[in-house]
Each structure stands twice: as C-alpha cells, then as structure tokens.
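**Student:** Letter by letter, the chains look like this.
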Amino acid sequence: MRNAAILLLLVVALGVSVLAQQPPPQPPEGFVPAASVQGQEQLPAAPLVITAYSVVWLLVFGYLWSIWRRIARAERDLAEVSRRIAGAQRR
Amino acid sequence: MRKLFLPLLILAALMFAYAPVAIQNAPYESTMGLVQKIFYFHVPSWFVMFSAAGVCGMGGAIYLFAGRKEADRFALAAAELAVLFGLMGLLTGPLWGRKAWGVWWQWDARLTSALVMWLVFVAYLLLRKYGGVGSEKLSAVLALFGMANVPFVYLSVNLWRTVHPKTSVVMTLEKDMGRPFLLSTLAFMALFVLLLAARVRLENTRAALDELYLSLED
Chain U
1 MRNAAILLLL VVALGVSVLA QQPPPQPPEG FVPAASVQGQ EQLPAAPLVI TAYSVVWLLV
61 FGYLWSIWRR IARAERDLAE VSRRIAGAQR R
Chain X
1001 MRKLFLPLLI LAALMFAYAP VAIQNAPYES TMGLVQKIFY FHVPSWFVMF SAAGVCGMGG
1061 AIYLFAGRKE ADRFALAAAE LAVLFGLMGL LTGPLWGRKA WGVWWQWDAR LTSALVMWLV
1121 FVAYLLLRKY GGVGSEKLSA VLALFGMANV PFVYLSVNLW RTVHPKTSVV MTLEKDMGRP
1181 FLLSTLAFMA LFVLLLAARV RLENTRAALD ELYLSLED
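Each protein sequence line maps, in turn, to chains U and X.
So the first sequence is numbered by our numbering: it starts at 1 and just counts up by one.
So the second sequence is numbered by our numbering: it starts at 1001 and just counts up by one.
Honestly, the hints are just simulated from the structure, not real lab data.
There may be inaccurate statements among the hints.
[Unchecked claim] Residues from chain X that keep clear of chain U, each with C-beta distances beyond 10 Å, as calculated: (1) PRO1020; (2) GLY1033; (3) LEU1119; (4) ALA1123; (5) PHE1152; (6) ALA1208.
[To be verified] Stretch by stretch, here's where chain X covers chain U in the computed footprint (C-beta under 8 Å, at least three residues): (7) 53-63; (8) 71-83.
Owing to the predicted nature of the structure, the values given are computational and were not obtained by experimental measurement.
Built from N, CA and C at the ideal position, the CB exists for glycine as well.
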C-alpha cells in the first residue's frame, strides 16, 4: 500500500513536469498575408530606380564639367607659353 | 574625328533624351517589377567599361612594344573612362540588388571580380599620377592585366555559382525589352567615343605644352 502510494506520487509528479514544458511555437503553415510582414521588408522600387538614374547622370555631367575645365586650362597655358616663346624670338 | 564629333554629339544627345521614354514604355519584368529597369543603364555602363578596358590594354600594349606615345595617351584616357563607367556599374548594381536579392552586396564571383577589375584601373590612374618617371611603362603592364580580366568578369556568371543573372539574359530579351536596351547601349557607346575623343584631346594638348616647355629650357 505504501509502495503504491509512492508510485502514484511519482507518476503525478512526472505528469506535472511534462505538462509544465510548453511546446515550441509552430511556424505558420501556408501563405502569410502581406499586412503582417514587417515594415522594414517593404521596399519600394521607385526610389532605387530614381537614385540609380541620378547616379548615372551626375557622374556623366560631373565628368563633362571636369574635362571641359581641364581642357580649357591646358589650352590657356598652351596659348600663354606660345605667346611667350613668340615674344622671346622677336627680341 | 573632329568632323564626326558634332554629328555624334547630336546623335548621342538625341538617344539619351529618348532613352528614358523607351525605358518607361518597356514592360515590367515578371518577378522583379520596376527595379529591373535599372538593367537598361547598369548593363550598358559595364559594356562601356569593358570597351574602355580593351582600349586601355591595347593602347598599353602598343606603347609597350612599339613605343608609340599616342597609344599611351589613348590608354590613359580610356583608363579614366573605365573607372568612370565602372563606378556607374558598381553603384547602380547594389541599388538593383537591394530589391532583387534583399542585400546591397554579395561577395560572389561576378561582383568580386568586377570590383577587382575596377580597382586595377584605379591603381593605373594612381600610378600615373604619383608614379613619377617611368610610370608609363609600369601602368601599361597594369593595363594589360586589367584587359585580361575582362573575359573572366564577363564569363564569371556562367563559370561559377553566383546570384547575378547569366550572360544569356541579354541574348534572350523579348523585343519590347530588347529595343530600349539596344538604344541605351548605343547611346552609352556614343557617349564613350565622345568622352574618349575629348580626353585624348586633353592629353594631346598637355603633350604639346610639355614639348613647348622643353623647347623653352633648350
């Protein structure tokens, strides 16, 4: 009788500990509606396309401006040196 | 080239003016949607970068083996354009990738090899600027290595596993996508020829100036 009571106590204790463990959360089955997707994952394409286009135009115009300035400076220097040489030859 | 410069400039300007309309009218790609339209200037910028790398490498080879200084001037001009158009590709690609792949950058075969090739031409320009006497020959060798990279970068998507679309994408484009792509590519190529001509003119002017300075010293 005493042994049976101990056995019963053990079974109850075991049952309580098993019941105390929560089952891991199950991932949802099937498709998740778009409303529950996190905001950071919703990425609009338009700003990316506009930025990419702007990058191309900025680089082209920036380079055109840089090359125009460099050519103008080199041609000014060339004209200046040519003028000096011509002046020295006349003397 | 001077006679061709103005007509080519007008043609390039017209193509660049019409390209946004053609790209706007092109259909959306089924899985990527609007962001795929970056393709119409991302890929042509790389085509121009490859062409510039080729011109730079050929110019370097001619200078190295035949000693022709004009070839070196072409190589220097092309290297600058390789860096410019490579930068366009390197900046527009991640903007497309962020939406299509969910990340700005992947260290895969295509992206990494393209970055390395671009860095070779950056190194070329740095060598020309700070290398001092004799840097022309060293940079010509570097240009050859840069040019040799082109087929590896182009074929990397077919040879190795990568997230980047394969080269077959361009050849299998639908007509509605192919026409704006062709227009955009031709506009970029015309721009490349114009910028190369202008940049070579700058180098020729500098060479003439150097000769004048030398004659002054004599």
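**Student:** Which hint numbers doesn't this structure obey?
**Tutor:** 1, 2, 6
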